[in-house]
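The listed protein sequences derive, respectively, from chains A and B. According to my numbering, the first sequence is numbered sequentially starting from 1. According to my numbering, the second sequence is numbered sequentially starting from 1001.
Any given hint could be a false lead.
[Claimed, not checked] Here are the computed distance ranges between Cβ atoms for each label pair:
no., chain 1, residue 1, chain 2, residue 2, range
1, B, Arg-1207, A, Glu-17, 25 to 35 Å
2, B, Tyr-1254, A, Glu-17, 33 to 43 Å
3, B, His-1163, A, Gln-10, 26 to 36 Å
4, A, Asp-68, B, Gln-1030, 45 to 55 Å
5, B, Gly-1239, A, Cys-13, 51 to 61 Å
6, A, Gly-227, B, Arg-1207, 54 to 64 Å
7, B, Thr-1205, A, Thr-28, 50 to 60 Å
8, A, Cys-13, B, Pro-1165, 54 to 64 Å
Rather than coming from a laboratory, the hints here were simulated on the basis of the structure. This structure is a prediction, so every number in the text was calculated from the model and none was measured. Virtual Cβ for every residue (Gly too), placed ideally from N, Cα, C.
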Amino acid sequence: MTASPIFEVQNVCFEYERIPALRGLSLTIDRGQSVALVGANGSGKSTLLRMLDALCFPSSGTVSFCGDRLTPEQLRNDDYAISFRRRVALVFQNPDVQLFNPTVFDEVAFGPLQMGWSSADVIARVDETLQLMGIPHLRDRAPYRLSGGEKKRVALASVIVLDPEVLLLDEPTAMLDPRSQSQLIDLIQQWKGSSKTVITATHQLEIVEDIADRVFVLEQGSVIASGSPQEILSNSELLLRANLVHAHRHTHGEMTHSHPHLHSHDKHEH
Amino acid sequence: MRRNRAISSTLVGLTRALGHALVSEHVARQPGLLQALDPRVRVVGLLALVLAVTLSRRISVVLAMFCAAILIALLSRVSLATLVTRVWLVVLLFTGVIALPALFLTPGDAIYTTAIGGLRITAQGATTAVLLIARVETAVTFTTLLVLCTPWMHVLKALRAFHLPQEVVMMLAMTHRYIFLLAETASQMFESRQSRTVGVLDSATQRRVTTRTAGVLLSKSVELSNDVFLAMQSRGFRGDVKILSEFRMCAWDYVGLTAFLAVGAFAVWMGRS
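Start from the sequences, fold in the hints, and give me the full structure.
This is how it looks when you write it as structure tokens:
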């Protein structure tokens, strides 16, 4: 049985005030797939995620979700927009952007309230989500008083409370200490195993094998390669070209030579 | 320290503002008389007392209300030191300036004549000035107790119960939320500037530094507001604000509300001229 595509992106271009961010980018993501979008800073990962979440729209090309083309007109339709927002959720790179409510409870309750859920359902679901994320003690805290790891957890809770089909994660492990990173990877792995589509933008190659079964490499706003994590991570030339690894110089006796250099959590490769 | 005073004083101001916010948050979490009441009761009750103080025309009644404010503060674990530094001295300074002319300008029986200029202080003038200062001190103390003992969001939610438009509530809540983030950013920017500054900056340069920092901060806040709007949209925001109200009144809240209203009504009755 072949999986049906959940997102189809065809020849998409996008500019920020005449500065191109995406240049003719195309890719297809299947339902239930765990995908990593890897690329250096400025390669277009965040823009692509925002486009998949219908927060911005291509200047040319098309983005489709379950066969429906995502356009501003389509998202102006209340019924479609509510259904889409219920099914697709984005966790922003900067949690302060996402945590705009005065308390953690209000933050997690924001999405369900916009969906028109009853107060009793909202309260029950929010409490359940806070338990699931291991943060019930933060319920009445103000987001600006939380640590980076706690903010990230609350940001995740604020989207998974809706139990979306598709999770879009923008640099989820950025600015986290190793323990919080590991806990977050565990969570992503749980979602991976629960038939949800998880799309993660990252430039941390060491987490790619843990969180994805397909990788797209982005460079200057277009996809330059795709494949399994093993295929991508073993292609040093590709990683060097995409600025994901750096050349490392060694001196052996009187001879100096250089080669690509990649760190990962259980190995240190040359 | 004279050098780079603008940067240093801005840093001190920002740090103090953040510190005040932390103190308020800490006090609001303490168990106490006001903290045990429903936020709506706190808002209605304390505002009723403010109204009663404003309507009272007798100094004795206003002073009795001031004593009641101190009692409520102590039972709500608000330190008198906090009230002295954050309320009483500041109010005395500002209201004193306003009340001062009343001492000399109000016609009546002279109780003192100044040696220089022969200005007459009248009994009626002194009474007016003391009444004005006592009223403002008491009213501001009640208002401060409300703010100190109630998380800002609860104040806003309580106002929602009185049909303040949801958009206004949301706007105030988000302002409160992001003002700390921007204050922290500003603080870090000034710290960074100070760590890279050697020698003394003349005042023109200091003004330029401050202006540029304000400009950068404004750009950052615009960018932040755009991103926040996208984050709201991403979670289903369609222009209509929906906020959950979790408040539930219990017997103790009704007792508290009745007590506040009774004291307020009694003060108005006793304070008639």
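Going through the hints against the structure:
1. Taking the beta carbon of each, Arg-1207(B) and Glu-17(A) are about 31 Å apart, inside 25 to 35 Å as hinted.
2. Separated by about 58 Å at the C-beta atoms, Tyr-1254(B) and Glu-17(A) break the suggested range of 33 to 43 Å.
3. Checked against the given bound of 26 to 36 Å, the beta carbons of His-1163(B) and Gln-10(A), roughly 50 Å apart, lie outside it.
4. A hinted range of 45 to 55 Å holds for the C-beta pair Asp-68(A) and Gln-1030(B), which are about 53 Å apart.
5. Between Gly-1239(B) and Cys-13(A) the Cβ separation comes to about 29 Å, which falls outside the hinted range of 51 to 61 Å.
6. The hinted window of 54 to 64 Å between Gly-227(A) and Arg-1207(B) holds, with their beta carbons roughly 57 Å apart.
7. Taking 50 to 60 Å as the suggested C-beta distance range, the pair Thr-1205(B) and Thr-28(A) conforms, at roughly 56 Å.
8. Checking the proposed 54 to 64 Å range against Cys-13(A) and Pro-1165(B) shows it is violated: the Cβ atoms sit about 41 Å from each other.
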